[in-house]
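> Listed below, chain by chain, are the residues.
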Amino acid sequence: MDLNRFSAIVEAYGADPQRWPEAERAQAQAFAAGNAAAVSGLLAEEGALDLAIAASERDVADPSELLAARILKHAPKGEARVFAPGDRRSVYALAACAVFGLVVGFAGSRAFPTSGADEASDTIIAATFQSETPDELAWLGEEG
Amino acid sequence: MNRNIETYDPDGELVRQAGAGDRGAATALVRKHLGRIKGVAQRMLGDPAEAEDVAQEVFLRAWREAPKWKPGQAKFETWMHRVALNLCYDRLRRRRETPDAEAGLMVADPAQGADEAWLARQRAARVSEAMRKLPERQRAAITLCHLQEMSNIDAAAALEVSVEALESLLSRGRRALKAALADVAGDLMGPLGEGEAV
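As they're listed, the protein sequences go chains A and B. Count the first sequence with this note's numbering and you get residues 1 to 144, in order. Count the second sequence with this note's numbering and you get residues 1 to 198, in order.
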């Protein structure tokens, strides 16, 4: 590191060592520490410009929520995939569950015929799960 | 985990998840990058509405790329900045023949003349105006390194130039800014600027 290279770094990246090239930062900082008188004017001048550039930050407004919402509306949609393609064990397990469910259901209907009371409770349960609260409707509206 | 610091992309996993349709990952990417991408576009174009259009287009392209994104080729953030800059260059090219009638005007508002916040906004506008008058590539280099706080390597990648070329753009841009702000250096730069040949 010499004065020429140090000056080139500061004139390009400014006076803040955090912006100096990582590969040369330590050497440049050591050079500045060892040559304070020679580099103080340059650092002050470029530091002043750094402040001026930073001041322009105030001129940039944050993005609107509407913009974020518009962008997210077009984000990739998820696929409702339960099993990974080619996962044969998962497919066999699903088929076995289906067969088992059919067998148990058929045997159960023979052993315990449906009574009138059971039908009434089935109706209540079905009505309960079919209703949609205002919150649910609002959520559905947002997604749509 | 052995990560190469040059190629490790902190957004790699989020991009993969967003590409697979994970809404939370997409939201996280928007939260993390939208402000920065809109910021770089606004500094390049000087128009908030146009900057929002560019930012939206960058993300739409990101959503198209995400499902086929290959980690290790480029950092996602660098790629986004590159796309944003290219979109800005296109817009600047289209409007080049149409000078901005209001550029350079700083009209005092007597109702708020003594307000410090108003003065700060005026100072910011003055520097932004000087930035806008820089050649595009110099403006982009200063924006990436000084305002987006990108490393020289990432900024060079976003600009598709060598690190040496980036340094040249930065030096020339800063020299031009100093010249453009010389008349208001003391006011803009505070005590540091006073008495300096800026």
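Everything labelled a hint here was simulated from the structure, so no lab data went into it. Where hints are given, some of them may not hold.
Said to hold, decoys possible - Simulated restraints on C-beta separations:
#1 L119(B) to K73(A): 35 to 41 Å
#2 P10(B) to Q18(A): 15 to 21 Å
#3 E57(B) to G41(A): 31 to 37 Å
#4 A96(A) to E57(B): 45 to 51 Å
#5 E160(B) to G101(A): 58 to 64 Å
#6 Q29(A) to P71(B): 15 to 21 Å
#7 N35(A) to R23(B): 52 to 58 Å
Using N, Cα and C, we set each Cβ at its ideal position, and we do this for glycine too.
> Does each hint hold? Answer for all of them.
Structure-based check of each hint:
1. L119(B) to K73(A): 35 to 41 Å: 40 Å, holds
2. P10(B) to Q18(A): 15 to 21 Å: 18 Å, holds
3. E57(B) to G41(A): 31 to 37 Å: Distance hint for E57(B), G41(A) is violated at roughly 45 Å.
4. A96(A) to E57(B): 45 to 51 Å: 50 Å, holds
5. E160(B) to G101(A): 58 to 64 Å: Holds, since E160(B) and G101(A) (Cβ atoms, about 60 Å apart) stay within the stated range.
6. Q29(A) to P71(B): 15 to 21 Å: 33 Å, violated
7. N35(A) to R23(B): 52 to 58 Å: Holds, since N35(A) and R23(B) (Cβ atoms, about 55 Å apart) stay within the stated range.
Of the hints listed earlier, those the structure fails to meet are numbers 3 and 6, in rising order.
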